[in-house]
Each structure stands twice: as structure tokens, then as C-alpha cells.
Amino acid sequence: MNDKVMARTSLFRPPASPPARQPASQPASQPASPPAFANLITSFFLRKTWLNIVEKRNEN
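For the sequence shown, counting from 1, position 60 maps to 60 in UniProt numbering; every step adds exactly one.
Source of the hints: derived by calculation from the structure; they are not laboratory data. Quick caveat: nothing in here was measured; it's all calculated off a predicted structure.
What follows is a set of in silico ranges between Cβ atoms, one per label pair, in the way DEER data are often shown: (1) N60 / S29: 38 to 48 Å; (2) N60 / L40: 30 to 40 Å; (3) N58 / A38: 22 to 32 Å; (4) P34 / V54: 24 to 34 Å; (5) I53 / S33: 27 to 37 Å; (6) W50 / S29: 27 to 37 Å; (7) S29 / T49: 28 to 38 Å; (8) F37 / R57: 29 to 39 Å; (9) L51 / S29: 23 to 33 Å; (10) K56 / P35: 23 to 33 Å.
Note that the Cβ used here is the ideal one computed from N, Cα and C, for glycine as well.
Take the sequences, apply the hints, and build the full model.
Shown next, in the form of C-alpha cells:
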């Protein structure tokens, strides 16, 4: 039983060696904050909806 638990938990452990550091000239990539991500999604759908409206008007 302990062997199975140890095998499972070892899958989620970080690697023993630290990851290679990025050069100081390049900022580390950071995920977008939730409000920024929500704004991105909202603007995408608004733009898509607006383009659909314009295309429908052009068809008439």
C-alpha cells in the first residue's frame, strides 16, 4: 500500500534540480491575471459579434 501511495505522490513532486534560470534581459513569462484574461475573452467575443453584425448588414 505504501509503495502505491509513494509512487503516486512522486508524480506530483517538483524536480530535484532547480530549473535553469532565464537571462535577466528577458522577463519571466507570467500567466495573465484573471481580470486581464476575462477582458481578453470579453473583447474577443464582442469583436466577433460586431463582425457578424457588420457581415449580415453587408449581405442585404
